Amino acid sequence: MSDFLLELGKSPNARRLVKALGLPIPLPPVLGRDRTPWSARPLADRRIVVGATDGAELVAPLAETLAAAGANAYLEMPDALRAAFREPGESFGRPAQELAALGDKATCDALVLDATGIAAVAGLRAVYYFFHPRVARLARSGRVLVLGRTPDGLGSEAAAAQAALEGFVRSLAKEIGRTGATANLVLVAPGAGSRLGPVLRFLLSSKSSFVTAQPLQVTARARTLAEPPLARPLEKKTVLVTGAARGIGEATARLFAQEGAHVVCLDRPADDGPTSQLARALGGTPLSVDLSDEAAPGKIADALRALGGVDVVVHNAGITRDKTLARMSEAQWDGVLGVNLAAVVRTHAALEPLLRDNGRVVCLSSIAGLAGNVGQTAYGASKAGIVGFVRATAERLADRGITVNAVAPGFIETRLTAAIPVAIRQVARRLAALGQGGLPEDVGQALLFLATPGAQGITGRTLRVCGGAFVGA
Amino acid sequence: MAKTNGARRAVVVGGVRTPFVKAFGDFVKLDTIALGVAATRGLLRATGLGHRDVEAIVWGGVILPGTAPNVGREIALDLGLDPSCEAMTVTRACASGLQAVTLAAAAIERGEADVMIAGGSDSTSNAEIKLPQKVVHALAPLALGKPTPADWLGVLGQLMPLSEILPQRPRIAERSTGEVMGEAAEKMARRNEIGREAQDAFAVRSHTRAAAAIEAGRFDAELVPVEAPGGRWVHADGLVRADTSAAKLARLRPVFAQDGTLTAGNSSALTDGGAAVLLMSEERARATGLRPLARFRSWAYAGVDPADQLLLGPALAMPKALDRAGLRLADVDLVDMHEAFAAQVLAIVKLLGSRAFARARLGRDEAVGEVDPARLNVHGGSLALGHPFGATGARMVTTMANELARTGKRTALLGICAAGGLGAAAVLERVDG
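Chains A and B, in that order, are what the protein sequence lines are.
The first sequence: position 60 = 60 (the working numbering), numbered continuously.
The second sequence: position 128 = 1128 (the working numbering), numbered continuously.
Note that these hints are calculated values from the structure, not bench results.
Remember, it's a predicted structure, so these values are computed and weren't measured experimentally.
Among these hints, one or two may not hold up.
What the hints assert, rightly or not - Examples of chain A residues lying across from chain B (beta carbon under 10 Å, computed):
1. Pro37
2. Arg47
3. Glu90
4. His132
5. Ala136
Stated by the list, open to error - Non-contacting residues of chain B with respect to chain A, defined by C-beta distances greater than 10 Å in every case (computed):
6. Leu1156
7. Met1188
8. Leu1312
Where is the CB? At the ideal position from N, CA and C, for every residue including glycine.
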């Protein structure tokens, strides 16, 4: 299962040899990953170069978040915006510095541009001017983040300029991926600036190592919430994780427990052993249920009712039965759609009354559902169905403060992908901008982020955790 | 302030300290217990209290002797106090002395006792050289039970390589982060933009004020001479330099970072010494004919993330103590802050004056207030006098209680930073008559 090229690339000698011989072997970077619990200062001592254009709207929450999260900011922005950094810098002992203070040779850990002020196509030149001289100075596993605005109420040219940011970020992500760096775009709706902080903390931290090349919308849609906790965000919360016995589910359950959650670990009766073992290790509750069984939702609801309700539901359980359509049996088709989609819809319906206000629902979609894959018509259909499900459900539950989102993993090193023939597996890994497969914990971190109170601004969305494997479109 | 109806009040009636001496100097042969004995003996003499009068001792210490960590009880026994004088020892890093004093005040106000001695001492010179845990664990089979030759061989096998079993030099480093205190202060200087010049100027001021106080005899009643082994008497503080100047300090090299701003001149030195305070219920003090000097109007302790700004604690604890006392910073006549490093004091002063800090970290709209330099550390502080960890809090209480009684001023605010990201503060107020 281990990635030979990734292991080889860990040796500096091998890297030198490959480079010296000019071998066409891509040696993927080792990604920086933060496995510690959530903390108040996930960006401690990171050097972050911050830029903004005239009319930028998010400089205040940006300044506040960076200083509180422990980052050292180096500024390139109009004087009028610079003042926003003074007070947060003083409060947290992180005085923002002039860009020149960083020096020409020094690397930086992140480049952040507030591009919300760009309202004309000509204004896009600011994007070039900000990133062009600095992108080569971005540290390994660095971060590029562009802040834009949602198209609501924009005129044609402003909408064009803002939409252009998405193509820029997607392409830049592919250019910088070989150093382990990611590039993302955060689109902030009017009035949602106060919800930006936790999103910045996640995307700029090393907990989003495999999240790249995509836009993420932050809106004020879900009912607002008190100040979200920065550490132990899931303390006193009850979380249901389906398919918890192994792989992504297990990694997710562990991460949730690490943040203080009581995790109900659900898997099918055949996996009772590992499920019980995990639940015991995490101080959670095991739940042995076959999701393809029509009676399953009732059983789950009973179990959660006994625990007094549920705060977070992670619909992770899923199966693959890969066959090209011509060769696929009816049973295979039904099985995949039954577990991956029908069971999610059914289970959610039973649990919705038990979901507490400001709760969270996170579903597993897949790149196969967004980009399509040979042999995965059923799987792709089920996973694209999830995208529609979260969009509609999010709208319905927004007034209760409940957010509903999906995470779409790309190639993740699990039992499922280990079954792929070795040659295809190697190619699949290299398709990603980051040149490797992700780890179950990478998906777990994204699920965890979407489950935290701080992710209130994100609902109805599908977040890819694919290392930039989403080709084209 | 009016006496609350019928509530007992604990009052400070006196305090003394040993001379504070540079580590590995005159007190090198006196351990923390001996220093505590010297301070407590001096306090009993100064206040005329008898051995049977003291009901309890609360002692503070940082470097506690492994074989007798309850220093307070050892002091009572060594002094020959009545065996009924019970004792405890507390540690809250550099705030241990203040912790001991506030614990005693609380106990008296709860009616647990009428007469208590609280204080602290530390002998940096006698920090124990510690064997690595690896050696301790390896030697266990030899120390416990009857070792066989095979056990001896096994132990030898475990003790390689040698570098891992050499005794470890004591270090004032944070257990959680490994950061040395001076590195943390260096970081605070940088992050709060406290320059070298300001630090040196503050250090000079500390020395000048302490030297002036000594010259004027201000500390005479607070200082008890100590006989060092060999019969030599130590009468005076050893670290204060009346002749220091900004120009002299400017020549010193940074010690914690190459391009740093902290030097031996603007950091407090490793020091040996002890200090003791006598606290009594107000009724007992008056009945005994002792003059109450001051009482605690409030105190507060706070914690911050040691990985962020280790010595930030007082910026949170001082406003908390002021709130509990129902006072604003501007109402306070004197401010006494422990000077671990000039940079740390100046950073705290800056943050207390910052509206942004108040908003972001204290949840209030207005800054805590400006600290008037004329009211801050009027007789110098730890930079000049030295800092025997456990003794500093008791020294500050003594000096401020005397200052209030002597000058007729009303209130003094104390602030102390401590390892582990802790902050301590207290508001003392004069007790009339």
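The hints, checked one at a time:
1. The interface hint given for proline 37 of chain A is broken, as the beta carbon of that residue sits about 13 Å from the closest beta carbon of chain B, more than 10 Å.
2. The interface hint given for arginine 47 of chain A is violated, since its Cβ lies 14 Å from the closest Cβ of chain B, which is over the 10 Å cut-off.
3. Against a cut-off of 10 Å between C-beta atoms, the interface hint on glutamate 90 of chain A holds, since the closest Cβ of chain B lies about 4 Å away.
4. Checking histidine 132 of chain A against chain B by beta carbon gives a least distance of about 31 Å; that is not within 10 Å, so the hint is violated.
5. At a threshold of 10 Å, the smallest CB-CB gap from alanine 136 of chain A to chain B is about 27 Å, leaving the interface hint violated.
6. No Cβ of chain A comes within 10 Å of the Cβ of leucine 1156 of chain B; the nearest lies about 37 Å off, and the non-interface call holds.
7. For methionine 1188 of chain B, the requirement that its beta carbon stay farther than 10 Å from each beta carbon of chain A is not met, with the minimum near 7 Å.
8. The Cβ of leucine 1312 of chain B does not lie farther than 10 Å from every Cβ of chain A; its closest approach is about 8 Å, which violates its non-interface assignment.
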